[in-house]
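Protein chains: 2
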Amino acid sequence: MANAIVSQSGGPTGVINASLVGVIEEASKHKEIDRLFGGVHAVSGIVKEHFIDLKKLSIGTLERVAGSPSSALGSSRDKPNDEYCGRILEVFKKHDIRYFYYIGGNDSANTCYIINNMAENQGYQLRAFHVPKTVDNDLRVTDHCPGYGTAARFVACALMGDDLDNRALPGVKIDVIMGRHAGFLTGAAALGKQRDDDGPHLVYIPERPFTMDQFLGDIDRVYKKIGRCVIAISEGASGPDGKTYAETLAENAERDAHGNVQLSGTGALADYLAGQIKGKLGIKRVRADTFGYLQRSFAGLQSPTDVDEARRCGRQAVLYSMKEDNGSVAMKRLGNGANYGVELFRTNLSEVAEHTKSVPDEFINAEGNGMTDAFVEYAAPLAGELPRTEYLGNYPKA
Amino acid sequence: MANAIVSQSGGPTGVINASLVGVIEEASKHKEIDRLFGGVHAVSGIVKEHFIDLKKLSIGTLERVAGSPSSALGSSRDKPNDEYCGRILEVFKKHDIRYFYYIGGNDSANTCYIINNMAENQGYQLRAFHVPKTVDNDLRVTDHCPGYGTAARFVACALMGDDLDNRALPGVKIDVIMGRHAGFLTGAAALGKQRDDDGPHLVYIPERPFTMDQFLGDIDRVYKKIGRCVIAISEGASGPDGKTYAETLAENAERDAHGNVQLSGTGALADYLAGQIKGKLGIKRVRADTFGYLQRSFAGLQSPTDVDEARRCGRQAVLYSMKEDNGSVAMKRLGNGANYGVELFRTNLSEVAEHTKSVPDEFINAEGNGMTDAFVEYAAPLAGELPRTEYLGNYPKA
Chain F
1 MANAIVSQSG GPTGVINASL VGVIEEASKH KEIDRLFGGV HAVSGIVKEH FIDLKKLSIG
61 TLERVAGSPS SALGSSRDKP NDEYCGRILE VFKKHDIRYF YYIGGNDSAN TCYIINNMAE
121 NQGYQLRAFH VPKTVDNDLR VTDHCPGYGT AARFVACALM GDDLDNRALP GVKIDVIMGR
181 HAGFLTGAAA LGKQRDDDGP HLVYIPERPF TMDQFLGDID RVYKKIGRCV IAISEGASGP
241 DGKTYAETLA ENAERDAHGN VQLSGTGALA DYLAGQIKGK LGIKRVRADT FGYLQRSFAG
301 LQSPTDVDEA RRCGRQAVLY SMKEDNGSVA MKRLGNGANY GVELFRTNLS EVAEHTKSVP
361 DEFINAEGNG MTDAFVEYAA PLAGELPRTE YLGNYPKA
Chain C
1 MANAIVSQSG GPTGVINASL VGVIEEASKH KEIDRLFGGV HAVSGIVKEH FIDLKKLSIG
61 TLERVAGSPS SALGSSRDKP NDEYCGRILE VFKKHDIRYF YYIGGNDSAN TCYIINNMAE
121 NQGYQLRAFH VPKTVDNDLR VTDHCPGYGT AARFVACALM GDDLDNRALP GVKIDVIMGR
181 HAGFLTGAAA LGKQRDDDGP HLVYIPERPF TMDQFLGDID RVYKKIGRCV IAISEGASGP
241 DGKTYAETLA ENAERDAHGN VQLSGTGALA DYLAGQIKGK LGIKRVRADT FGYLQRSFAG
301 LQSPTDVDEA RRCGRQAVLY SMKEDNGSVA MKRLGNGANY GVELFRTNLS EVAEHTKSVP
361 DEFINAEGNG MTDAFVEYAA PLAGELPRTE YLGNYPKA
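Heads up: the sequence lines are chains F and C, in that order.
FYI, our numbering numbers position 396 of the first sequence as 396, with every residue one higher than the one before it.
FYI, our numbering numbers position 331 of the second sequence as 331, with every residue one higher than the one before it.
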């Protein structure tokens, strides 16, 4: 018998707490695990020995945790180097912690990997497992990541509503969505399309750089054809030089009297693009929103598939740790549509830690400004069933 | 027997379509009404005789309409003057329309009022009824407005998630919420508070102007006490001179090479405030989001109370029109908490058309930076039951 620790790292998601509860419920079944510590604020709390006793929590508390967005144990943006990881390992030794479950993205897998190697080299028996989470869906090996489906559901529902809003009061609408390097979440904007002329009519993701002329030309074409245009664009959208438009903006930013950069705020990209459209296309009604943190931490909006898979991944990490030394939990898709399902498998930490994944070519249309049916087939089951909507304004005239 | 028309005006809401369906289902019961036209894009479509036949819609379509955000008949921002209203009346006469149901805010009540008076003066028998809707909740006479509860639910769920996100990764977070003159919707940010230290810790609404020094002083105090601060602020928040901060920003805006104003975009106020906090309080992690159109048109997120009341208001307008000449549907609250309920009553169009309502004093704390328990008692039943959340990071140490 030895102790275990679980912690949550990086940006929160809508279901990272379901993975936490999966770890807790499974760990409670195994006599190999004595105490189960929750490391508060990830690595930054672990080195301070800021632990709580997770086996003491009631079932009611656990179910509320599983349904809550964000990271119930707190998080951290620290990317520990060797020295930092060495301090973590010392804390593990001090508390006889021999099971380490770390829920996070590829940086967290990397932390797991470093600590695991260090323990091996020092002859300290430790079982280190990574549980995947990210709204960006950019982890390698796994078919998709827990956290993505729920964020995708938010984005899809937002665009469905926003497109209806744009039908009611036509104009150009720009929605800036999370994703600095990978366009999976922005692509989810297309999941709620039900009618031929439903928006988003244009989708721009980091995988397909574009010139401002292309962007404006696309919008002009759609607007002239249907009298309105809804655009989903990643915060990491970039020009042909590889530099993101947001970076270019920040570099050109004016500074106010107090030296504060004014154009590098969260709304700056959306506002800049709206300005370009108004100024260069002469379209009067142009609106822009930046979805911000709502898309990763919104209470009461989980994708049923996502929350179920996140919990399974947490449980599975504990199951693997009973037999194997280390690894990351991954998902393999068994089918699509009505046959959708996943089976879990173990992959090496190093496979997940090093690089990230981009949206594959077959998910992006030839023009680089929209998603394909193959993408919708991939992402739709992850977001869960979406509401059906209705618009009457284009029904036959009486 | 004569014909009837229903139309939707102004900014969409999450339940204005439920009111539309209420009108349709009730109108279908009364033999006094022959055809029921849907006027597409409000007054701007009515003058073009752009009608659809609403009695032809299937029950499946109607239920999907009732569940869809935004205005299923399209909307318009036109504020018709006498000449415009005269053209509308001519269209009514041409199509033997003698029942007019107009779903909208106080401007729509005013349009109803003008057309009704005009018809009376010309001896044309017309029954003109206004059905209230607005996310701002600023209509007079009625206890509250359909549309508010659903938008309040969105804002409450957003702040609940955002506060948990801010616990996980502490810092200052600013959320800019709709409301140019009335702070009801921004106040809804407080509805999801469950723990003593839950955010939003500060709420600023248009009814309480403040200086930038007060604002920064408030934040500094909260941040020093609990190490983080979540702020909800209305887009119409203003300084002691009565000018909104957004207006001041736009006036001071730099223009880029193309003459586009850069600081007057939707994200500008949030980014400006974030810049002030970083620059003057020296707090490193400051984030800001502007909720934008998501809070009024998000698919799949209706308050059960709100959608029910919106539909009742639509039905009631038709019922009143069977006996009375004109009016606006209003709600009277029968009780609070478990005794919450409303009864509907008719009020004069002129009562609703002229002015709007502000958040009453008893709903705002003495410091002018937060909402009172009385406000929560008022608004909570409108938003409907909210999810329970859990945060573990402040549980006792193991």
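A couple of the hints might just be wrong.
A pair holds if it fits inside one copy or across any two, identical chains being indistinguishable in the list.
[Stated by the list, open to error] Below, in silico cross-link-like pairs of lysine-lysine (PhoX-like), each with a Cα-Cα straight-line distance of 25 Å or less:
(1) Lys323 <-> Lys243
(2) Lys224 <-> Lys243
(3) Lys284 <-> Lys94
(4) Lys284 <-> Lys323
(5) Lys56 <-> Lys280
(6) Lys225 <-> Lys193
(7) Lys93 <-> Lys397
(8) Lys278 <-> Lys56
(9) Lys280 <-> Lys48
(10) Lys29 <-> Lys280
(11) Lys284 <-> Lys79
(12) Lys224 <-> Lys48
(13) Lys93 <-> Lys224
(14) Lys397 <-> Lys56
(15) Lys31 <-> Lys224
Everything labelled a hint here was simulated from the structure, so no lab data went into it.
A quick look at each hint next to the structure:
1. With identical chains, the CA atoms of Lys323 and Lys243 are never at most 25 Å apart, being 46 Å at best within one copy and 67 Å at best between copies.
2. Neither within a single protomer nor between protomers do Lys224 and Lys243 lie at most 25 Å apart by alpha-carbon distance, with minima of 30 Å and 38 Å respectively.
3. Taking the shortest alpha-carbon separations for Lys284 and Lys94, neither the intra-copy value of 66 Å nor the inter-copy value of 34 Å comes in at or below 25 Å.
4. In the homo-oligomer, the alpha carbons of Lys284 and Lys323 never lie at most 25 Å apart, since the shortest distance is 64 Å inside one protomer and 44 Å across protomers.
5. For the identical chains of this complex, Lys56 and Lys280 are neighbours neither inside a copy (62 Å) nor across copies (43 Å), given an alpha-carbon limit of 25 Å.
6. Within a single copy, Lys225 and Lys193 get their C-alpha atoms as close as 18 Å, which meets the 25 Å cut-off; across copies the closest is 47 Å, which misses it.
7. Taking the closest pair of Cα atoms, Lys93 and Lys397 come within 25 Å of each other only across two copies (19 Å); inside a single copy the shortest separation is 76 Å, beyond that limit.
8. For the identical chains of this complex, Lys278 and Lys56 are neighbours neither inside a copy (58 Å) nor across copies (40 Å), given an alpha-carbon limit of 25 Å.
9. In this assembly of identical chains, Lys280 and Lys48 lie within 25 Å of each other by CA distance neither inside one copy nor across copies; the values are 55 Å within and 31 Å between.
10. For the identical chains of this complex, Lys29 and Lys280 are neighbours neither inside a copy (64 Å) nor across copies (52 Å), given an alpha-carbon limit of 25 Å.
11. Proximity of Lys284 and Lys79 under a CA criterion of 25 Å is satisfied inter-copy only: 18 Å between copies versus 46 Å inside one chain copy.
12. Taking the shortest Cα distances, Lys224 and Lys48 sit within 25 Å of each other only across copies (21 Å), while inside one copy they are farther apart (60 Å).
13. In this assembly of identical chains, Lys93 and Lys224 lie within 25 Å of each other by CA distance neither inside one copy nor across copies; the values are 67 Å within and 35 Å between.
14. In this homomeric assembly, Lys397 and Lys56 come within 25 Å of each other (Cα to Cα) only across copies, at 11 Å, whereas the closest approach inside a single copy is 65 Å.
15. Proximity of Lys31 and Lys224 under a CA criterion of 25 Å is satisfied in neither setting, with 68 Å inside one chain copy and 44 Å between copies.
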